[in-house]
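Trainee: Here's the letter readout for the chains.
Protein chains: 2
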Amino acid sequence: MTDRQRLITVPVPLGERAYDILVGRGLIGSAGARIAALGARAAAIVTDEHVGPLYASALTGALEAQGLRTTLVVLPPGEATKSYASLERVCDAVLEARIERGDLVVALGGGVIGDLAGFAAAVVRRGVRFVQVPTTLLSQVDSSVGGKTGINSRHGKNLVGAFHQPSLVLADTALLDTLPAREMRAGYAEVAKYGLIDDARFFAWCEANWQGIFAGGPERDEAVAQSCRAKAAVVVRDEHETGDRALLNLGHTFGHALEKITAYDSARLVHGEGVAIGLALAFRFSAFLGLCPPGDAERVEAHLTAAGLPTRLSQVPGGCGTVDELLAAMAQDKKVKGGALTFILARGIGRSFIAPGIEAGKVRAFLDSEIGTSRT
Amino acid sequence: MTDRQRLITVPVPLGERAYDILVGRGLIGSAGARIAALGARAAAIVTDEHVGPLYASALTGALEAQGLRTTLVVLPPGEATKSYASLERVCDAVLEARIERGDLVVALGGGVIGDLAGFAAAVVRRGVRFVQVPTTLLSQVDSSVGGKTGINSRHGKNLVGAFHQPSLVLADTALLDTLPAREMRAGYAEVAKYGLIDDARFFAWCEANWQGIFAGGPERDEAVAQSCRAKAAVVVRDEHETGDRALLNLGHTFGHALEKITAYDSARLVHGEGVAIGLALAFRFSAFLGLCPPGDAERVEAHLTAAGLPTRLSQVPGGCGTVDELLAAMAQDKKVKGGALTFILARGIGRSFIAPGIEAGKVRAFLDSEIGTSRT
Numbered sequence: 001m002t003d004r005q006r007l008i009t010v011p012v013p014l015g016e017r018a019y020d021i022l023v024g025r026g027l028i029g030s031a032g033a034r035i036a037a038l039g040a041r042a043a044a045i046v047t048d049e050h051v052g053p054l055y056a057s058a059l060t061g062a063l064e065a066q067g068l069r070t071t072l073v074v075l076p077p078g079e080a081t082k083s084y085a086s087l088e089r090v091c092d093a094v095l096e097a098r099i100e101r102g103d104l105v106v107a108l109g110g111g112v113i114g115d116l117a118g119f120a121a122a123v124v125r126r127g128v129r130f131v132q133v134p135t136t137l138l139s140q141v142d143s144s145v146g147g148k149t150g151i152n153s154r155h156g157k158n159l160v161g162a163f164h165q166p167s168l169v170l171a172d173t174a175l176l177d178t179l180p181a182r183e184m185r186a187g188y189a190e191v192a193k194y195g196l197i198d199d200a201r202f203f204a205w206c207e208a209n210w211q212g213i214f215a216g217g218p219e220r221d222e223a224v225a226q227s228c229r230a231k232a233a234v235v236v237r238d239e240h241e242t243g244d245r246a247l248l249n250l251g252h253t254f255g256h257a258l259e260k261i262t263a264y265d266s267a268r269l270v271h272g273e274g275v276a277i278g279l280a281l282a283f284r285f286s287a288f289l290g291l292c293p294p295g296d297a298e299r300v301e302a303h304l305t306a307a308g309l310p311t312r313l314s315q316v317p318g319g320c321g322t323v324d325e326l327l328a329a330m331a332q333d334k335k336v337k338g339g340a341l342t343f344i345l346a347r348g349i350g351r352s353f354i355a356p357g358i359e360a361g362k363v364r365a366f367l368d369s370e371i372g373t374s375r376t
Numbered sequence: 001m002t003d004r005q006r007l008i009t010v011p012v013p014l015g016e017r018a019y020d021i022l023v024g025r026g027l028i029g030s031a032g033a034r035i036a037a038l039g040a041r042a043a044a045i046v047t048d049e050h051v052g053p054l055y056a057s058a059l060t061g062a063l064e065a066q067g068l069r070t071t072l073v074v075l076p077p078g079e080a081t082k083s084y085a086s087l088e089r090v091c092d093a094v095l096e097a098r099i100e101r102g103d104l105v106v107a108l109g110g111g112v113i114g115d116l117a118g119f120a121a122a123v124v125r126r127g128v129r130f131v132q133v134p135t136t137l138l139s140q141v142d143s144s145v146g147g148k149t150g151i152n153s154r155h156g157k158n159l160v161g162a163f164h165q166p167s168l169v170l171a172d173t174a175l176l177d178t179l180p181a182r183e184m185r186a187g188y189a190e191v192a193k194y195g196l197i198d199d200a201r202f203f204a205w206c207e208a209n210w211q212g213i214f215a216g217g218p219e220r221d222e223a224v225a226q227s228c229r230a231k232a233a234v235v236v237r238d239e240h241e242t243g244d245r246a247l248l249n250l251g252h253t254f255g256h257a258l259e260k261i262t263a264y265d266s267a268r269l270v271h272g273e274g275v276a277i278g279l280a281l282a283f284r285f286s287a288f289l290g291l292c293p294p295g296d297a298e299r300v301e302a303h304l305t306a307a308g309l310p311t312r313l314s315q316v317p318g319g320c321g322t323v324d325e326l327l328a329a330m331a332q333d334k335k336v337k338g339g340a341l342t343f344i345l346a347r348g349i350g351r352s353f354i355a356p357g358i359e360a361g362k363v364r365a366f367l368d369s370e371i372g373t374s375r376t
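Here the protein sequences line up with chains D and C, keeping their order. At position 246 of the first sequence the residue is numbered 246 (UniProt numbering), and the sequence of numbers has no breaks. At position 200 of the second sequence the residue is numbered 200 (UniProt numbering), and the sequence of numbers has no breaks.
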């Protein structure tokens, strides 16, 4: 543990499943020692062809220097890797590596790798421990926190998976220095989301400090840590998403539908871009229903636009589909209960709430107005 | 709930995951009403080509009469169905049926169907409820109790899965009237196991009453219920198999190795037969190590033999492999911790215990003596 830089620890107090999220620049340099301190004898490192060549050999070397037996599993990058076939491949590789219940799976990569490797860790031997080393802003502030793991089905994203908490999360914010600008922006949509859910002060702080976050100043570490704190607080209240945790889906009902309609084609739309449009739509829909001041919806749109994110259906490359297609895509999303659509709406910035039983007719009228707007 | 016959309820008090196991003759007649009482809107019934034609249409009809939307998924029978491919097929069918978090997966069949459907229920939408309707003696007394679900990997049986407790188990003992005699005997090995673990009185009761169990008298219901009680007591003490639950593996370290060596070919060896040989071996190994009176090992062998079960390596059709092959098969079993072999041994009938760190050399010497014995 020789990293001298500032280190922020975010505890996730989940009883016997409690763990820490560490946030800091250059953290990966001490990852070997920190992971070895968990006491395993062996680790299977799961990564992809983009991240692996950059960081895997240093991590493998550091773990082996600490006496752990390591195995490296390298997968193709991209959302298509969150498949049944990849799950089988990772599970078999982890078993081949003789990972036992006290050993570790280490997810080194973005959300795809974290979700897939975490799911494999959840089901191999009915559960082995795992560590998240998220390498994108999106995975540092969202997918590596909270224990949701899974793969995609032909019926939709993340429809098959498990709740499985990591034993440790190491978020090295220096890794984001080389992240493509588009991925950085996409991750930032989730950062802004935490302010919009229930923390108007944090949203205002983001409006004032977003450039420092992008530039890699101390604001970045603070934004990642605050996002993790916000998510951890919700997860601790509702680990298995039977209630409040659904608030984290602000922007996601629309966002997932757009991802589905664009066939998860990242050339057209990545998750965070879908979320950005979804956030703007959630606030405009709230205003449309008379729940939220129109000025708040405009402020959301203005900030996301300033950060370079899309906020309109017309900005979906190749088109967003028809209103019927959008409604059908939302109906198969897993946030359906008893057949009615559940949305996360807002009474203002930082004042979001779960709105079950929203009639399809109102959604249709709103989407008609949005698509009409985008045509003019 | 019009069944007038005697009904035994075995509660499994697992806090918020508590559920009941109901045991009785003719219970399937009221299964529709009992399942509907759980409050779901839809049910996906998973079964196989043997069981489906016998019971699925009555169950489907009964559920629909109670207002549930039903979907039937019929799989090929046999251990090969516990595969990644079947998991994908069942998950996709359950999603296609729009089963939501409050809805149900119903496993109608033996252990293969229960393990597979339960695993699918554990991972679809990160967990939907499920009901077990076990149709074999083995699944009524073992696999449908305790929440272990899973599939096989090329590295071994049940190496990929989840802990997922059912919401209800309906064990209709009349379904066993038409069970092939070989399957009945195989299931009986697990019944006898519960006496051998920690209940010498129940083992003695089995010695006196086994013919009534096979014939379908009230002894059968009592044996199924007592087995469920015994397993439930262990599961409640150690839901996730970090300690005592390993006692349930009495006979299974040897048994799983034999299943692996016979390539899970049920024409050669079914699970319960492997367990029967494994139980006899565990007691003889205990005697070999000077832990258990040889007379107790002989009594175990005599009773299993009386019930028509194999107890010797020489009884494995096509051969049991070499000692090296047996050791290698045991080493990949998931009951390995820190590289040493863990066995469940016994100081006598009803006095089993977990014995970690058994040296391979002692196992080898014992197996040499067994194979030597079988050759003479």
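Think of the hints as simulated: they come from the structure by calculation, not from any bench. Positions of the beta carbon are idealized from the N, C-alpha and C atoms, including for glycine. A portion of the hints provided could be inaccurate.
Which residues of chain C face chain D? A few of them, derived with a C-beta cut under 7 Å, are [unchecked claim]:
hint	residue
1	Tyr84
2	His155
3	Gly161
4	Phe163
5	Val236
6	Asp265
7	Leu341
Trainee: All the hints need checking, so say for each whether the structure fits it.
Mentor: Comparing the hints with the structure gives:
1. Because the beta carbon of Tyr84 (chain C) sits about 4 Å from the nearest beta carbon in chain D, less than 7 Å, this interface hint is met.
2. Taken as an interface hint, His155 (chain C) checks out: its beta carbon lies about 4 Å from the nearest beta carbon of chain D, inside 7 Å.
3. Because the beta carbon of Gly161 (chain C) sits about 5 Å from the nearest beta carbon in chain D, less than 7 Å, this interface hint is met.
4. About 6 Å separates the beta-carbon of Phe163 (chain C) from the nearest beta-carbon of chain D, less than 7 Å, and the hint is met.
5. For Val236 (chain C), the shortest C-beta to C-beta distance to chain D is roughly 17 Å, which exceeds 7 Å, and the interface hint is violated.
6. Look at Asp265 (chain C): its Cβ only gets to about 21 Å from chain D, farther than 7 Å, so that hint breaks.
7. With a cut of 7 Å, the hint placing Leu341 (chain C) at the interface with chain D is violated, because the nearest CB-to-CB distance is about 12 Å.
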